[in-house]
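Number of protein chains: 2
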Amino acid sequence: MTAALSAHELIARHRSTLDQALEAIRTRAYWSPHPEHPKAYGEHGSLDAAAGKAAFDALLGSRLDLGQPGTDDWVGGETSPYGLDLGVTYPHADLDVLLPAMKAGQRAWRDAGAEQRAVVCLEILKRVSDRTHEFAHAVMHTSGQAFMMAFQAGGPHAQDRGMEAVAYAYVEQVRTPDNAEWTKPQGKRDPLALTKQFTPVPRGIALVIGCNTFPTWNGYPGLFASLATGNAVLVKPHPRAVLPLALTVRVAREVLAETGFDPNLVALAAERPGEGIAKTLATRPEIRIIDYTGSTEFGDWLEAHARQAQVYTEKAGVNTVVVHSTADYKGMLSNLAFSLSLYSGQMCTTPQNLLVPREGISTDQGPKSYDEVVADLAKSVDGLLGDDARANALLGAIVTPDVKARLEAAAGLGEVALASREITNPDFPGAVVRTPVIVKLDGAKPDDEAAYMSECFGPVSFAVAVDSASDAVELLRRTVREKGAMTVGAYTTDPEVERDVREACLEEAAQLSLNLTGGVYVNQTAAFSDFHGSGGNPAASAALCDGAFVANRFRVVEVRREA
Amino acid sequence: MTAALSAHELIARHRSTLDQALEAIRTRAYWSPHPEHPKAYGEHGSLDAAAGKAAFDALLGSRLDLGQPGTDDWVGGETSPYGLDLGVTYPHADLDVLLPAMKAGQRAWRDAGAEQRAVVCLEILKRVSDRTHEFAHAVMHTSGQAFMMAFQAGGPHAQDRGMEAVAYAYVEQVRTPDNAEWTKPQGKRDPLALTKQFTPVPRGIALVIGCNTFPTWNGYPGLFASLATGNAVLVKPHPRAVLPLALTVRVAREVLAETGFDPNLVALAAERPGEGIAKTLATRPEIRIIDYTGSTEFGDWLEAHARQAQVYTEKAGVNTVVVHSTADYKGMLSNLAFSLSLYSGQMCTTPQNLLVPREGISTDQGPKSYDEVVADLAKSVDGLLGDDARANALLGAIVTPDVKARLEAAAGLGEVALASREITNPDFPGAVVRTPVIVKLDGAKPDDEAAYMSECFGPVSFAVAVDSASDAVELLRRTVREKGAMTVGAYTTDPEVERDVREACLEEAAQLSLNLTGGVYVNQTAAFSDFHGSGGNPAASAALCDGAFVANRFRVVEVRREA
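Protein sequences appear in the order of chains A and B. Sequential numbering of the first sequence, starting at 1, is according to the UniProt record's numbering. Sequential numbering of the second sequence, starting at 1, is according to the UniProt record's numbering.
None of these hints come from the bench; they were simulated from the model. Among the hints, a few may not be true.
Any copy, or any two copies together, can satisfy a pair, since identical chains are not distinguished.
Said to hold, decoys possible - EDC-like mimics (lysine to aspartate or glutamate), calculated; alpha carbons at most 20 Å apart, straight line: (1) Lys103 / Glu503; (2) Lys440 / Glu455; (3) Lys184 / Glu562; (4) Lys330 / Asp382; (5) Lys279 / Asp94; (6) Lys103 / Glu507; (7) Lys184 / Asp494; (8) Lys184 / Glu23; (9) Lys330 / Glu372; (10) Lys184 / Glu36; (11) Lys404 / Glu482; (12) Lys103 / Glu474.
It should be emphasised that the depicted structure is a prediction, and the values quoted were computed from it without experimental measurement.
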């Protein structure tokens, strides 16, 4: 390999980080190499806040030329949920030119082996990390996340998830040795002896179909899992959230070229408005792996139609919190209030249905009726979002008119316990900012069931009155089984209820957070430790990240001969 | 757990074997705990040859009552390819009773954890191993394999593959710790601290759809992979090869009961003639995993229709041997002759197309023309099978009339280089025994392509004349890509040809055996070391055995709470 950056140097730079990542996924203790604090950036080649902002501003209205083969047009048209027209244009590809070009470099990438691929991926992540401030603005102005969340979730947390995928991919590939000597005794005769060589081989070209709300966080696991296992990766961003992934592709192509590989191993597939190229791409024979985050409808379509590919989907679910009893009523309320408010509930992990017994719950502050619990939660949300500056920092902006429409319609579904409020963002007057609505529903009313058994993506929660704890567990179980769930929360001081909720989650394969009252929220998962989704209920066919997420992205080919 | 056989005792019995298996799949050096020689049995509780035969004889004409719930009938009707009517009847199940009963014990099986499940599986395999002589007859009289092959492939080799699956399943489940303490620093504030509990949970009921030719060898990997990962397993044998799997189910149920688990975690689904219950079973919502070995047609059907399940298929392929040049002409011929003859070519791994340059090949015995190579191979097969006793011991019996019909039709496809011969089996006059046919085809003739590009399962090989080594490699590549291949062989002394064949195999994901001239054959793979199939070409969606084969049979559910 003739490269500006040698394999030796890359290993020296990143091997110890890789080893730490491998240890982290084994112990699942806290670990991250990517600082969360904006002030941690600005040294060792990373952009500080001002430089990151300047880099983002320089992108506005520009043409992002990635130097991709087969570029037949320039397309764009992203409008920030904060009102800004980004005006960035991206290459539009002639697939019959781009896809073959992406295959040209696969042999060298395959032959480089698992370790070298891993350290190249870590170099990509390092350079993305250095530009975290720039990415933060790009994520903010495509997803509508508030700056701090865009910075953390779109920056270090996304990079963590990418690195986690690299670690899983690496360890999976090295489980089989490169070579083996096999000698089988034959009694008095000479033993049979074979020399065997094992090579991880990629499946082909992997397609990442990005989402609007978490372009990097949800995009990086598939991107890096596929790349680290030897595949080329075509990134098809959501039309409203192209920039963060286009910047990622640019960095990846730079690093690949500098390390002596073909930059076309990673490419972008941007589309014209309404072109809908995901379906075309997903069924191309060259595409052998698909990672998708988005609607259940299109996820189901992919699973049914992209039969030539391994398909990993994160679709929609209905997330439940069972509110049975608590030893920290205030902590519970403020924890839930934060969970419902963060990014205006536009997370696949935001709780939707709060199941509260109609006879009320027991708390450290005495028994609380169903109405009291709901009213106190409403007050807690109101308190959290009472200050407009804090509300803006927490809520971000409503990402699409659809979400706004859903929020407005939700008030008609039942008694409104907390009405949604419009908030002005002084920095971005064009932003649509809304506080969450909480609607009371009755679990026993068939009419209400249609509402709480459907995903209502956005700042909408239902306080569902249930008959009893066991009724709550039964509804939880049915919701996960029929609708899927990315998260489940429960508050209870009763060991039997805890046991029943836990058993429902084990049987329906849902990830459970119990009695969270502090600074960790049910909608947040930490890479290297928490699983995001389970891959075992209808919300997602894969979990981030585990062996199953990487093991089928490559195959092992054996060449054996007599020793 | 109250059980005749405690967890402690099982671990003491089997943990060291499990550890050796774990080491073997890591190094892929030779290892097996299951003796291949029939005389190795008869001590330490295992049946010797006479006792095994007696046990088999006692089964004939009997009702194999497994004590399964929901048994609504007794069905059977196996006829041995050696002519014998087995006369064994098996429980026929009312699925609406049996399937719920299979779920009843899943919680305890799940809660037992990965290690205990592994040692229970190893105890099942140990008891199967002890009855290897009995199984040998059962496999012989269902598959048509000759006794020695039925003994080895149906006994120790199948048990090895089962144990290999247990080892992979175990290591995959313990990659995530049972518990983790997660402490995230928060600057000057108190750290965030969570306690996390991780539990491998099964997907549900797994279905194993067995095949006629290798009921145990192809059935055990899926059976043990699913059981070891916490699933219940329903075994649906091929209607002509029920007995070996029914005996396996009986042993599994005994061991489960003795170890304190619900025997209904493993059950048999035998069917009435023509009932075709596989389709019904495969689409039941309770069935979440399917392992299938058989025709491409039904494998494709399963992949398309059993959408509620993880589907692992081994279908048909067209196996190629590139014959380019050799430094051991005699060794090559005798190695190939054995490969073509073993079990009358009724292995998914038997070579079908021998690609030979039409201008001939270079050998240690001088250049050999295409005609000479084919004639010499024919002579070698004739020599190998010249003695009827040896021929019977190697060929076994033709398993179905279909195979016989295909063999007879093959002679009409081109010039016959070696005609098939009828052989009498003095012990079993009813057996249909045939030597292989070798037919000459021309790779350049479109008419011949229809023959060599279709799988012709049975003792039929095509000596396909090709224009050059690169023509051979191109045809190899196309065959694997379009038709799939379980095995590829190549003979060449030319490093460039070797490189090209190897590259084709890496790119099309096919397992390659190079220049085999001794006692290892392209159609044989050894558990713990060789991969059977690659899971990367149309012949099979999975490889035996690797991480991908086990990783998605369970999911990990996390329960987290504040520390």
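Status of the hints after comparison with the structure:
no.: 1; hint: Lys103 / Glu503; result: between (47 Å within a copy, 14 Å between copies)
no.: 2; hint: Lys440 / Glu455; result: within (16 Å within a copy, 63 Å between copies)
no.: 3; hint: Lys184 / Glu562; result: within (12 Å within a copy, 53 Å between copies)
no.: 4; hint: Lys330 / Asp382; result: within (14 Å within a copy, 87 Å between copies)
no.: 5; hint: Lys279 / Asp94; result: within (15 Å within a copy, 42 Å between copies)
no.: 6; hint: Lys103 / Glu507; result: between (42 Å within a copy, 11 Å between copies)
no.: 7; hint: Lys184 / Asp494; result: neither (59 Å within a copy, 28 Å between copies)
no.: 8; hint: Lys184 / Glu23; result: between (35 Å within a copy, 16 Å between copies)
no.: 9; hint: Lys330 / Glu372; result: within (13 Å within a copy, 90 Å between copies)
no.: 10; hint: Lys184 / Glu36; result: between (55 Å within a copy, 11 Å between copies)
no.: 11; hint: Lys404 / Glu482; result: neither (26 Å within a copy, 50 Å between copies)
no.: 12; hint: Lys103 / Glu474; result: between (50 Å within a copy, 18 Å between copies)
Consistency note: the structure conflicts with the earlier hints numbered 7 and 11.
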